[in-house]
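So the chains spell out like this:
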Amino acid sequence: MTADILLQTLASGVLIGLIYALVAIGLTMIFGVMDIVNFAHGEFLMLGMYSSFWLFALYALDPMVTLPLTVLMLFAFGVLLYKLVIVRIINAPMLSQIFTTFGIMILLRGVAQFLWKPDFRSIENSAVSGSVKLLGIQLGKPQLVAGVGAIVVTGLIYFFLNKTRLGAALEATASDKEAARLMGIDSHKMFSLAWGIGAACAGAAGVLLATFFPIFPDVGANFILLAFVVVNLGGFGSVSGAFWAGILVGVIEVMGGLLLGPQYKTAIVLVLFLAVLMFRPQGLMGKA
Amino acid sequence: MKNYAFAVAALLVALAVPALTDASHLNMAILVLMAAQVGVAWNIVGGYAGQVSLGHAAFYGLGAYVSTLLLVKFGVNPWLGVLGGGLIAALLSLAFGWSCFRLKGHYFAMATIAVAELVQIFFTEWDYGGAAVGLYVPMDKQGWLWMNFATKPPYYWLALGLLLLTLAANWWIERSYLGYYFRAIKDEPDAARSVGINIARYKQIALSVSAFFTAIGGSLYAQKELYIDPNSVLSTALSIKMALVAILGGVGTLFGPVVGAAVLTSIEEFTRIFFGGTGRGTDVIIYAGLIIVIAVFYPTGIIGWLRSFRERRAARADASRQTAAHAEAQAAATTVTAVSHAAAAPSVKGEAA
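Chains as they are written, first to last, in my numbering: chain A, 83 to 370; chain B, 25 to 377.
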C-alpha cells in the first residue's frame, strides 16, 4: 500500500515536473541568449491557458487541437514584446531590466483581469479527461497527456537547437554574442527568436495545464518562482539541464508535500534552491 | 546648497500638512511617509551598496510581528517592541546575508525573493504567531506611551519622525567612510577588494542597517493599521514596492526614495480612486504601464532625470557661449573658423551626454 502511494506520488511528481521543465526551458533560453531574467514568464503561461480556454468555450475547439495555434500566437506575442519593449533595455542597468519585465508581469495580469475578470475558470469535459491505470498506478489522463506533450515540445526544441542552422545560430549567440555577430549572425534577430520561443514554450505549458488546472489572471505566480528554481538547478541557459531539473523539482515538491504536508512543499523547493545557489551556483548539471 | 533649501522647504510643508488636510488626505500623507521611509532604508543596501534585494518584506514583516507578538503575548511596551523588532531583523539579516551575498546580480535578487518567501511561509504556518489569520493589535492602552492612537495626526508625526531619523542615518552614512566603501563595492568591487576593503563585511553592514530601519517601519505599520497578516507585511509585492520607490525617485540618492514614494503613492491612490471602483484592474494596468515607462526610459529615476535636465541646460548655455566666441573668432580671422567649429562641436556633444 505504502509502496503504491510512493509510486503514485512519484509518477505525479514527474508529470507536473515535465510542465515545470517546459516553462523553465523558455525562461532559460531568454536568459541564456540575452542575460535578462523574465519576471513576466508566468504570464505567457497564463495567456496560453486563456487562449485555449476561449477557443474551447467559444468555438468548442479542444485544447489539444488548438495547441499549435496558441503556440504560434504566443510566439508572435513574445517577438512583439521584444520589438516593442525589451529591445530598449538590452544594455540598461540590471535594475531597469528587472523592473521592466516585472512591470510587464503586472500589466499582463491587469489586462487579463480587465478583459476576462478575476474568476477561476476551467475547461470541463475536454477530449482528454478521466484516468487510466498504468502498471498499477492511477493516473489522470489530462496529466498524462500534458506530460507527454511537454516531452514532445521539449524534444522539438532540442532538435531545433541542435540540428538546424537557425538553432545553431541561437546557441552561438548564447555562448558568445560578439563572436556570433562577427560570424554574421544578427543578434537582434536571435534575441527576438529567443523571446518568441520562450513565450511559445510557456504558452504550450499553459495549454497542457489548462485541462486540469484552474485558469485565472494571477495563475502565473504559481509557476514563476518554481521556474526560477528549475533554471538555477539546471544551470542558467541550459535547455537539457532545465528539463531534468524540472522533473527533479516536480518530484521533490510532491514527495515533500507527502512527507511534511502540502503547505510546506514550496518551502522545501525553496530551501533546495538556496542550497544549490550557495554551493553550486553553476547549477546541479552545469559545468564548474 | 540649492538641494538643502529644497529640503528645508519640503520639511516646512511636511510640518504644516496635518493642519491643512482632512483625515483621508492625512492618511495618504502618512502612507507616503511610510513608503518613503522603507524606500530610504532599502536604498542603504540596494542603492548605495548596489545589492538589489527583492526580499526586504522579510525584515518589514519581522519588525511588525516581533513588536506585535511582544505586545500581545507579553504586554511589552511597543517602543521597546519596535527596538526589539529592529534588532531581531538585523540579526536575521546575518543569515540573509550569509546565504545571499556570495551571489551576484540576478542570482542575488532571486535568492532574496526565495528567502523572503520562506519567511512568509513560516509565518503563514506558525500558529502561535497567528498563522494565516494574522494578529490584532489591542487598543486598550492608548496614548504616546503605548504608541496607539484613535486619531491620525499622531501617526503622521511618528511616520515623519521615523522618516527623518532614517534620512539622518543615510545622510551620515553617505558622508562617512561607510558611504565611500559602499559606493566602491557597488561600482568597482574588484578595485575595492584590491585596496583591502572587506567586501563581505561592508555588504553585511549595509544590509543589517537597512534591515534595522525596515523592521522599524514594519512595527510602525502594525501600530497604525492595528492588524497584520503574512500577506500584508511579508509579500513579495511589498518587497518589490520598496525597491520601486527608490528606483522611481533615484537609486543611491538621499532624497530619491522620498520623491519616489510621493509620486508612486499618489499614482496608486488616484488610480484606485478613479479607476479602482470598476473592480477590473484598470488601476493596476496604469500602475504597471508607468513602471515600464520609467524602467525603460528613465532608469536613473526622477532625481537623475532632473539632474540630466539641469546638465543639458548648462550644456546649452555653454554651447551658446561657445557660439559667441565662435562669432568673435570669425570676425578676427575667417580661416580659423573651420578649426574652432570642428573643435567646439564634439565638446558640446560630450557635455550634453
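Think of the hints as simulated: they come from the structure by calculation, not from any bench. A portion of the hints provided could be inaccurate.
Stated by the list, open to error - Partner residues are not named here, just some residues of chain A that face chain B (Cβ under 10 Å, in silico):
| id | residue |
| --- | --- |
| 1 | Gln90 |
| 2 | Phe135 |
| 3 | Leu341 |
| 4 | Ala349 |
| 5 | Leu352 |
Unchecked claim - Below, in silico cross-link-like pairs of lysine-lysine (DSBU-like), each with a Cα-Cα straight-line distance of 35 Å or less:
| id | chain 1 | residue 1 | chain 2 | residue 2 |
| --- | --- | --- | --- | --- |
| 6 | B | Lys128 | A | Lys271 |
| 7 | A | Lys271 | B | Lys210 |
| 8 | B | Lys176 | A | Lys165 |
| 9 | B | Lys97 | A | Lys259 |
Unchecked claim - Facing chain A, according to a computed beta carbon distance under 8 Å, are these residues of chain B, among others:
| id | residue |
| --- | --- |
| 10 | Leu116 |
| 11 | Tyr131 |
| 12 | Glu149 |
| 13 | Ala319 |
Glycine included, every Cβ here is placed at the ideal spot set by N, Cα and C.
Now the hints, each set against the structure:
Taken as an interface hint, Gln90/A does not check out: its beta carbon lies about 25 Å from the nearest beta carbon of chain B, beyond 10 Å. Contact between Phe135/A and chain B, as hinted, is not supported at the beta carbon level, the nearest pair being about 18 Å apart and thus beyond 10 Å. The interface hint given for Leu341/A is violated, since its Cβ lies 15 Å from the closest Cβ of chain B, which is over the 10 Å cut-off. The closest approach between the C-beta of Ala349/A and any C-beta of chain B is roughly 5 Å, which is under the 10 Å cut-off, so the hint is satisfied.
A least Cβ separation of about 5 Å between Leu352/A and chain B falls short of the 10 Å threshold, and the interface hint therefore holds. Restraint check for Lys128/B and Lys271/A: satisfied, since their Cα atoms lie roughly 29 Å apart, inside the 35 Å limit. The hinted pair formed by Lys271/A and Lys210/B meets the criterion: a straight-line CA distance of about 33 Å does not exceed 35 Å. Restraint check for Lys176/B and Lys165/A: the C-alpha separation of about 48 Å exceeds 35 Å, so the hint is violated.
A distance of roughly 59 Å separates the Cα atoms of Lys97/B and Lys259/A; the hinted pair therefore is violated under the 35 Å criterion. The closest approach between the C-beta of Leu116/B and any C-beta of chain A is roughly 14 Å, which is over the 8 Å cut-off, so the hint fails. Taken as an interface hint, Tyr131/B checks out: its beta carbon lies about 6 Å from the nearest beta carbon of chain A, inside 8 Å. At its closest, the beta carbon of Glu149/B sits 6 Å from a beta carbon of chain A; the interface hint therefore holds under the 8 Å criterion.
With a least beta-carbon distance of about 4 Å to chain A, the hint placing Ala319/B at the interface is held under the 8 Å criterion.
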